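Asks: Sequence:
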Amino acid sequence: MAAEQTGQCLCGAVRLQITSLNSDVHACHCENCRRQTGVCTMTVMVPPDGLTMQGAEAVTTYQSSDWAARSFCSRCGTSLWYRFTEPGDQADYFLNAGLLDDLTGLKLTQEIYYDRKPDAWAFAGDTEKLTGAEIEALYAASPKE
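All the letters of the sequence shown, read from the start, carry residue numbers 1 to 145 under the UniProt record's numbering.
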């Protein structure tokens with residue numbers, strides 16, 4: 001995968017330059033992700049200092065739970081990312097993988113809230129599968145800075 005990546009929303013109002021991209025793709029089957037995207041959210045993790053954005057004025061953020069906020073383009077509605085919001089979180093971007101201009105080298109490695117996945121779909125390949133209880137326990141046990 002290239003050291004640098006670019007991406008954008010559907011209308012191009014929000015353009016992204018990514019300098020630190022993890023090639024692992026995570027799929028989330030929770031209710032919020034399903035409602036936001038219609039299926040599930042497939043994300044790549046980008047640290048805060050690994051993302052530069054043009055068009056920030058078009059980004060709208062919605063506090064979707066007690067612990068996370070989701071951002072989208074206010075012009076075309078494209079889902080951009082979600083971030084944890086609890087104090088002490090690193091606030092990494094869980095960037096929607098479909099925004100990237102080049103998806104070469106990405107690999108689906110993890111599915112979370114797997115116990116909430118509808119029967120209508122299943123992904124090929126071997127992934128780590130975590131239930132809602134397992135991911136919430138991991139998150140609760142994470143050290144806060």
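No lab work stands behind these hints: they were computed from the structure. Among these hints, one or two may not hold up.
Derived lysine to aspartate or glutamate pairs resembling EDC-like cross-links, with alpha carbons at most 16 Å apart [what the hints assert, rightly or not]:
1) Lys-117 x Asp-24
2) Lys-129 x Asp-24
3) Lys-129 x Asp-115
4) Lys-107 x Glu-128
5) Lys-107 x Glu-134
6) Lys-107 x Glu-31
7) Lys-117 x Asp-101
8) Lys-107 x Asp-119
9) Lys-117 x Asp-102
Quantities reported herein were computed from a predicted structural model and do not represent experimental measurements.
Asks: Give a verdict on every hint.
Replies: Results of checking the hints against the structure:
1. Lys-117 x Asp-24: violated (20 Å)
2. Lys-129 x Asp-24: holds (14 Å)
3. Lys-129 x Asp-115: holds (9 Å)
4. Lys-107 x Glu-128: holds (12 Å)
5. Lys-107 x Glu-134: violated (22 Å)
6. Lys-107 x Glu-31: Roughly 23 Å separates the two Cα atoms, so the pair is violated.
7. Lys-117 x Asp-101: Distance of about 28 Å is beyond 16 Å: violated.
8. Lys-107 x Asp-119: Violated. Lys-107 to Asp-119 sits at ~22 Å, over the 16 Å cutoff.
9. Lys-117 x Asp-102: Roughly 27 Å separates the two Cα atoms, so the pair is violated.
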